[in-house]
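Number of protein chains: 2
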Amino acid sequence: MTTPSIDVLYDTPRAPNPRRVRLFLAEKRLSLPTEVVTIMDGSHFRPEYRDKVGSFHVPALGLSDGTILTETVAICRYIEALHPEPNLMGTDPLEKAVVEMWGRRVEFQLLLPIAQVLRHGNPAMAVLENPQCPEWAEVNRPRVVAALDWLEGILAQTPYIAGQRFTIADITALVAVEFMRAIRQALPETHTATHDWLTRLRAREGYVE
Amino acid sequence: MTTPSIDVLYDTPRAPNPRRVRLFLAEKRLSLPTEVVTIMDGSHFRPEYRDKVGSFHVPALGLSDGTILTETVAICRYIEALHPEPNLMGTDPLEKAVVEMWGRRVEFQLLLPIAQVLRHGNPAMAVLENPQCPEWAEVNRPRVVAALDWLEGILAQTPYIAGQRFTIADITALVAVEFMRAIRQALPETHTATHDWLTRLRAREGYVE
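Line by line, the protein sequences give chains S and U. Going by the working numbering, the first residue of the first sequence is number 1, and it counts up by one from there. Going by the working numbering, the first residue of the second sequence is number 210, and it counts up by one from there.
Since the hints were made in silico from the structure, they are not lab data. Watch out, some of these pointers could steer you wrong.
No more than 30 Å apart at the CA atoms, straight line, and that leaves these computed lysine-lysine pairs for DSSO-like [unchecked claim]:
id, chain 1, residue 1, chain 2, residue 2
1, S, Lys28, S, Lys52
2, S, Lys96, U, Lys305
3, U, Lys305, S, Lys28
4, U, Lys237, U, Lys305
5, U, Lys261, S, Lys96
6, U, Lys261, U, Lys237
7, U, Lys305, S, Lys52
8, S, Lys28, S, Lys96
9, S, Lys96, U, Lys237
Turn these sequences into a full structure, and let the hints guide you.
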């Protein structure tokens with residue numbers, strides 16, 4: 001039942017999942033010893049990284065007992081356990097489940113299609129996605145547009161995605177929406193609730209690149 | 210801080226995610242009032258279902274306060290909070306994060322490619338996946354084979370996916386491996402550690418269809 005401390009965060013700029021962790025940390029006013037990995041040259045596929053981390057995933061969290069955690073949400077859940085305030089993943093069983101539900105919906109319905117358009121539609125991403133499938137990028141472009149409509153429908157009803165307060169689900173959605181730059185997809189001007197939400201999120205002290 | 214009770218599980222046969230919830234419940238020796246939804250005729254897209262559940266997702270969990278939870282892992286986490294024993298998602302922060310990490314790896318590296326081969330490669334699935342992208346099914350077939358090698362590598366080292374004991378990560382992997390029937394993908398005979406793990410899982414009292 002020991003709870004190891006965090007030794008190091010393996011991080012990389014620009015990619016969406018590492019930014020989710022940085023935003024999560026910034027909301028908690030935490031800063032961790034960080035090792036920056038370059039992914040666009042495929043460094044995370046090389047033995048130097050794999051020998052340390054045990055997989056090619058970034059972000060990763062190195063703990064004092066030697067465990068390396070990967071998977072963004074698992075990393076965030078561990079950070080939340082060590083640093084519970086401000087709470088970002090729910091305080092009681094019901095809120096925890098509701099936040100997880102919304103977080104996953106945003107991942108699957110919004111972030112995943114955006115990533116698919118980029119990884120399969122942009123030849124420069126061949127280092128990360130092999131083989132690429134341009135037809136799959138094409139299928140996902142209208143799914144991104146539909147997901148933006150879906151998001152607008154949610155934010156027209158509640159100030160934050162999982163309800164009345166800011167949670168990890170907003171972090172995931174923020175990262176997804178801002179990552180649309182990479183696929184040259186704009187947020188329609190008519191999506192006023194989403195624009196308002198974005199303005200509020202960008203004004204937060206925890207807003208970081 | 211109230212914790213609503215569970216009124217009803219919306220379930221459907223054959224699909225992998227609902228089966229994950231059934232296995233999770235069976236391991237805890239729980240049985241819930243259940244409403245069975247047909248998905249192969251698109252019933253879950255009709256207003257009768259959407260008006261009740263608020264989305265087209267199956268499985269879903271109806272709670273006594275009117276909340277409807279969707280997303281398999283969120284549903285399981287709520288069940289775990291109400292019925293903690295036997296524990297399937299980790300007992301302390303480290304184990305919880307490790308189990309979540311493995312659960313997500315299995316989802317993304319194994320279950321997702323299998324589902325993509327089926328949903329985009331089988332014309333009968335057009336009711337669930339529109340538009341279909343046959344090229345994407347083709348890309349995912351070798352990813353399934355690679356994921357089986359990866360799984361064998363894990364199970365050659367530990368008795369269960371997240372370590373020394375059975376967890377929700379094993380449930381997800383079991384459902385994925387058995388769902389390969391739908392894409393006519395066999396588990397290679399040479400994958401002896403995976404076959405041994407499968408035999409142990411099928412002998413469990415909590416093994417259900």
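Practice problem: Would you pick out the hints that fail for this structure and give their numbers low to high? | Solution: none
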